[in-house]
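If you're matching them up, the sequences are chains A and B in order. So in the numbering used here, the last spot in the first sequence is 156, and the numbers never skip. So in the numbering used here, the last spot in the second sequence is 333, and the numbers never skip.
Warning: the hint list may mix true and false statements.
Under the rule of at most 25 Å between Cα atoms (straight-line distance), these lysine-lysine pairs were calculated in the DSS-like manner [claimed, not checked]:
id: 1; chain 1: A; residue 1: Lys119; chain 2: A; residue 2: Lys95
id: 2; chain 1: B; residue 1: Lys146; chain 2: B; residue 2: Lys177
id: 3; chain 1: A; residue 1: Lys142; chain 2: B; residue 2: Lys240
id: 4; chain 1: B; residue 1: Lys177; chain 2: A; residue 2: Lys2
id: 5; chain 1: A; residue 1: Lys81; chain 2: A; residue 2: Lys95
id: 6; chain 1: B; residue 1: Lys40; chain 2: B; residue 2: Lys57
id: 7; chain 1: A; residue 1: Lys85; chain 2: A; residue 2: Lys119
id: 8; chain 1: A; residue 1: Lys142; chain 2: A; residue 2: Lys95
id: 9; chain 1: B; residue 1: Lys240; chain 2: A; residue 2: Lys87
None of these hints come from the bench; they were simulated from the model.
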Amino acid sequence: MKKIIYTQENGVIAVVHPSDQSLLEMTIEEIAQRVVPVGISTYSIVEHTTIPADRSFRNAWTGVGIGTAGATIIEDLAKAKELHKAKIREARADKFTALDIEYQRATETSADTSAIVAKKQALRDAPDASGIAAATNTTELKAQWDTSILGSSPYS
Amino acid sequence: MSTLRINNIEAKSVPASPTLDEKIKLTNSSGDVLVHIDGKTSGITTIGINTTDGNIKFDENSNIVVTGIVTATAFHGDGSNLTNLPTATNITVADESTDTTCFPLYATAASGNLAPKTGSNLTFNSSSGNLRTGSLFLGQGSNESKTQDGLIMERNSGDGECHITAGRSGGNYGGLKFFVAGASGVTIRHRIPYNSDIQWFAPDGTTEIARLDSNRNFRFNSGYGTANTAYGVRAWIAFKAAGNANVTRGSGNATMTDHGTGDFTMNFLTAMPDTGYSMVGSAGYNSGQIVLGLTAAGTSSSPTTTGFRFTVRANYSNSTLMDEEYINLIVVR
Numbered sequence: 001m002k003k004i005i006y007t008q009e010n011g012v013i014a015v016v017h018p019s020d021q022s023l024l025e026m027t028i029e030e031i032a033q034r035v036v037p038v039g040i041s042t043y044s045i046v047e048h049t050t051i052p053a054d055r056s057f058r059n060a061w062t063g064v065g066i067g068t069a070g071a072t073i074i075e076d077l078a079k080a081k082e083l084h085k086a087k088i089r090e091a092r093a094d095k096f097t098a099l100d101i102e103y104q105r106a107t108e109t110s111a112d113t114s115a116i117v118a119k120k121q122a123l124r125d126a127p128d129a130s131g132i133a134a135a136t137n138t139t140e141l142k143a144q145w146d147t148s149i150l151g152s153s154p155y156s
Numbered sequence: 001m002s003t004l005r006i007n008n009i010e011a012k013s014v015p016a017s018p019t020l021d022e023k024i025k026l027t028n029s030s031g032d033v034l035v036h037i038d039g040k041t042s043g044i045t046t047i048g049i050n051t052t053d054g055n056i057k058f059d060e061n062s063n064i065v066v067t068g069i070v071t072a073t074a075f076h077g078d079g080s081n082l083t084n085l086p087t088a089t090n091i092t093v094a095d096e097s098t099d100t101t102c103f104p105l106y107a108t109a110a111s112g113n114l115a116p117k118t119g120s121n122l123t124f125n126s127s128s129g130n131l132r133t134g135s136l137f138l139g140q141g142s143n144e145s146k147t148q149d150g151l152i153m154e155r156n157s158g159d160g161e162c163h164i165t166a167g168r169s170g171g172n173y174g175g176l177k178f179f180v181a182g183a184s185g186v187t188i189r190h191r192i193p194y195n196s197d198i199q200w201f202a203p204d205g206t207t208e209i210a211r212l213d214s215n216r217n218f219r220f221n222s223g224y225g226t227a228n229t230a231y232g233v234r235a236w237i238a239f240k241a242a243g244n245a246n247v248t249r250g251s252g253n254a255t256m257t258d259h260g261t262g263d264f265t266m267n268f269l270t271a272m273p274d275t276g277y278s279m280v281g282s283a284g285y286n287s288g289q290i291v292l293g294l295t296a297a298g299t300s301s302s303p304t305t306t307g308f309r310f311t312v313r314a315n316y317s318n319s320t321l322m323d324e325e326y327i328n329l330i331v332v333r
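Using the sequences and the hints given, assemble the complete structure.
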């Protein structure tokens, strides 16, 4: 099935998915003329197999050769790393809240809080893990998820 | 009474007086003429029966002229030179249902002494009962023009399709009504007035069930009390955002643009008449919800006649966009 791809203003690739019925009523070229936004001068019509199946880093998709028949989509690793960090921050938000409560209770009873403090620090440091910066592809990047402090991986 | 038997009687004029006619006259005892044969010198012989007048004449060409009424057991010959014959008002007809190609008779005026005619464009199959003609005009117009008052049915040679026309003359408005006999008598069931509405009526002939009006609205009375406008689904789409976000199903005028995680546009390939349409959508499998007109970046994006942007966000976090398994949208206008 054919798809239409073009690069948006933010640099991320957009993918137009015609409905099955629309392709019976129009050609893919006619659809492209109608749905590609004004101001976007180039687009490509590609097979659906060109579209990555893994959307883990969807907002890092970047087009290569847009405007040609051989256009492809790749993952921008720098953007993917930022997306990965955003997922860590999202995942740790609830855990910070729970640790804050735990810390408060420990303080009220004069209990030892060092373990709690260590956990909170580990959460703070998680986005800056060296493995993230060192990852050379998105597979390595996905592996940079410490389930011991962040919980289950969003990529699993 | 005596009887005279003679082998030959010849009346012959005196050659010295050729102008005299040869005559034979038979009379009864009272002197009344029974037969009077008068051989005229001009070549015409007359015979008078009970008279000396020549009411039967023979000429030299063997023509016979009778003064009076001739009655006979039978006449022979083609009668082609007969004139002033009376017009036949009745003919003998017979029931016949075998000839497959017959030509109904017609005349060129409503009355009078007229020649019977046929037309090759009007045929009758007496075996099947089919009457065939190029067009049928039911009305009182003077011709078959569709601007005449009447109902015209034809197969149009121009487009090859059958036309049923409610013709009207003088620029007046026409219309069609379809009546059906039922429990309430013969009542109107369907109507196409001049403005192109199509109406359906209940068997009572007065309760309007549905109408497709000339403003392209479809109205029906499904418990509304009257036939009210129904607003159809102008576009719909159903897709899985997870995976490669393939559109699995959708209406013919719908496509989807995938801008990023949980960030999509539904496009209308045929533009809406305005932006006053309503969208209803659902996102499921996880806890996503559809938010209309909000981009991934959090900026607003108003619906347009060619589509609208929407995001799928997590119920627990408005800032978290999701690629839900099932996203379904319909647009009503």
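These are the hints, each one checked on the structure:
no. : hint                : verdict
1   : A:Lys119 / A:Lys95  : holds, 9 Å
2   : B:Lys146 / B:Lys177 : holds, 17 Å
3   : A:Lys142 / B:Lys240 : holds, 23 Å
4   : B:Lys177 / A:Lys2   : violated, 49 Å
5   : A:Lys81 / A:Lys95   : holds, 21 Å
6   : B:Lys40 / B:Lys57   : holds, 10 Å
7   : A:Lys85 / A:Lys119  : holds, 18 Å
8   : A:Lys142 / A:Lys95  : holds, 20 Å
9   : B:Lys240 / A:Lys87  : holds, 22 Å
This entry does not satisfy hint 4, going by the numbered hints stated previously; all others are met.
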